[in-house]
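A.B. asks: Protein chains in written order, with the working numbering: chain A, 1 to 248; chain B, 1001 to 1292.
Since the hints were derived computationally from the structure, they do not count as laboratory data.
Where is the CB? At the ideal position from N, CA and C, for every residue including glycine.
Keep in mind that the hints are not guaranteed to be accurate.
Stated by the list, open to error - Taking beta-carbon pairs under 8 Å as the criterion, some of the chain B residues facing chain A (in silico):
1) S1131
2) G1196
3) E1207
4) E1219
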Amino acid sequence: MTSLPTHTDRKLGLVIDLDTCVGCHACVIACKGWNTEHYGAPLSDQDAYGAAPSGTFLNRVHSYEITPEAGPAQLVHFPKSCLHCEDAPCVTVCPTGASYKRVEDGIVLVNEADCIGCGLCAWACPYGAREMDLTARVMKKCTLCIDRIYNENLPEQDRMPACVRTCPSGARHFGDLGDPDSDVSQLVASRGGFDLMPDLGTRPVNKYLPPRPKDQWDDTDILAPFLEPVAQTPQGFLGWLDRALERL
Amino acid sequence: MHPAPSVILFTTLSGLGFGLMIFLGLGFPPVTGWVAFWFFAFAFGLSVGGLLASTFHLGHPERALKAFSQWRTSWLSREAIAAVAALVVMGIYAVGAVFMGTRITALGWISAALSLATVITTAMIYAQLKSVPRWNQIATPLHLVSVSLAGGALLAGQISAAQVLLLVAGVIQIGHWWVGDTRFAEAGQSIASATGLGRPGHVRAFEAPHTGTNYLLREMVHVVGRKHARRLRRIAFVSGYALPLCLILIPGAAHGLGGLAVVSHVVGIAVSRWLFFAQAEHVVGLYYGARG
Ligand code: SF4
Ligand code: SF4
Ligand code: SF4
Chain A
1 MTSLPTHTDR KLGLVIDLDT CVGCHACVIA CKGWNTEHYG APLSDQDAYG AAPSGTFLNR
61 VHSYEITPEA GPAQLVHFPK SCLHCEDAPC VTVCPTGASY KRVEDGIVLV NEADCIGCGL
121 CAWACPYGAR EMDLTARVMK KCTLCIDRIY NENLPEQDRM PACVRTCPSG ARHFGDLGDP
181 DSDVSQLVAS RGGFDLMPDL GTRPVNKYLP PRPKDQWDDT DILAPFLEPV AQTPQGFLGW
241 LDRALERL
Chain B
1001 MHPAPSVILF TTLSGLGFGL MIFLGLGFPP VTGWVAFWFF AFAFGLSVGG LLASTFHLGH
1061 PERALKAFSQ WRTSWLSREA IAAVAALVVM GIYAVGAVFM GTRITALGWI SAALSLATVI
1121 TTAMIYAQLK SVPRWNQIAT PLHLVSVSLA GGALLAGQIS AAQVLLLVAG VIQIGHWWVG
1181 DTRFAEAGQS IASATGLGRP GHVRAFEAPH TGTNYLLREM VHVVGRKHAR RLRRIAFVSG
1241 YALPLCLILI PGAAHGLGGL AVVSHVVGIA VSRWLFFAQA EHVVGLYYGA RG
């Protein structure tokens, strides 16, 4: 049903720390690895070893450069996947009911058996979080690893999305953002987590933590004054040598 | 947005076909018998042909029946229902007019209303998308409906109606371009709001997620041919509106000129529709450094 639930029991989602993400793309690979062989159709590649490879990914890591008014530019790695929006425009536009938002945990899913591959939901998503698989010809998107987080066959520490489990820098956090006392909600509150394109009214569940302010040029090194070059122009014997060599 | 030929063909042809149906349903011209047969055949050919073309871009056309289920929220589902309802009611009306020589007025009015509803629902599929600011404006449904009505009047041979409607549609077309050109800026999204990184300083896309292209770039970050937009707009305006209007303004215009006006109109509208897609920018482009 493509009517959005007025209320979801939980709001499962990700919190992504743009300060600690090192842009290693391990989450991209873990995501593709898990999701190509579990929920729904595989994530196909086209021309994977040819001149123009492309493929379906549910998580992609962009990189941005921020140039402040003063000081050095800063590089920020920016992983992006479905934000499991509360007012998900991708769900309401779907003509078949294939796209839906779950009442129990707020996860936005595609029932691939109902999807006609019209592509309208991908148009409606402002974030580029949905991709049509060119082989299966159905819409693919992040499932928040629904087949891991509730999977009792997995060891307990693996019952989280593949991207979160694999991130080597601890930049990805998973939890219930509807519960103000959860770890992820606390993290968002303490670090000033924000929404992407909030004005569009999609009310994303996933939150991003801003990069922390970086040190400035002038206070980079308290030892710097002691490391001033001792003599700019050589004196004495070295000075004579320098002048003699220059004359040669 | 990627100007897929099947979608351009669909919106152009079916818009024209449903426009013609609106006039036939209202009894302009009040045809019966063989003349009616050809009129209805033409209208059905265009609208059904357009609908078939639109299924070519579906990944799974065999599941198309499912698209009738979500009319509560989905304009695409509403369009599917309105289109089929219009075709069915119009079919019954056409059978009466062609084979029994009677036009059941009430049925005609209903089918005209359903045809109009089809065009409006098609337009709303585009107009509802906040992610594509150029389309997300009131002029989008006005544009698509006025074009459909003007084309319908032209095909139905309603010369005086067509004169007014072509003029109105032409003005709305210019308005849609005019407003559309600033919609993206007005919508207020930028690389800073997309990434939330604007506070420390100026944000620039440094590296794309992958070396190759992807579905999002192909489908939504189409840029090819935008540089010819001005020239194409002139072609669309002259061929789609101005020339047909001049042709039917010639007093006592013969059928030949009317035919020419129709051909010119259809070509112009197809060009306009190409621009409708090619010039529409999706906000996801911001993540890839578009409008950086
Ligand atoms: S991020 Fe896009 S695909 Fe995910 S819920 Fe929001 S609008 Fe839908
Ligand atoms: S592509 Fe599939 S999931 Fe998306 S709107 Fe169309 S039918 Fe629904
Ligand atoms: S795995 Fe972690 S550090 Fe690596 S790109 Fe993904 S979020 Fe960033």
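A.B. asks: Hints broken by the structure, by number, lowest first?
C.D. replies: Checked against the structure, no hint fails, so every one of them is satisfied.
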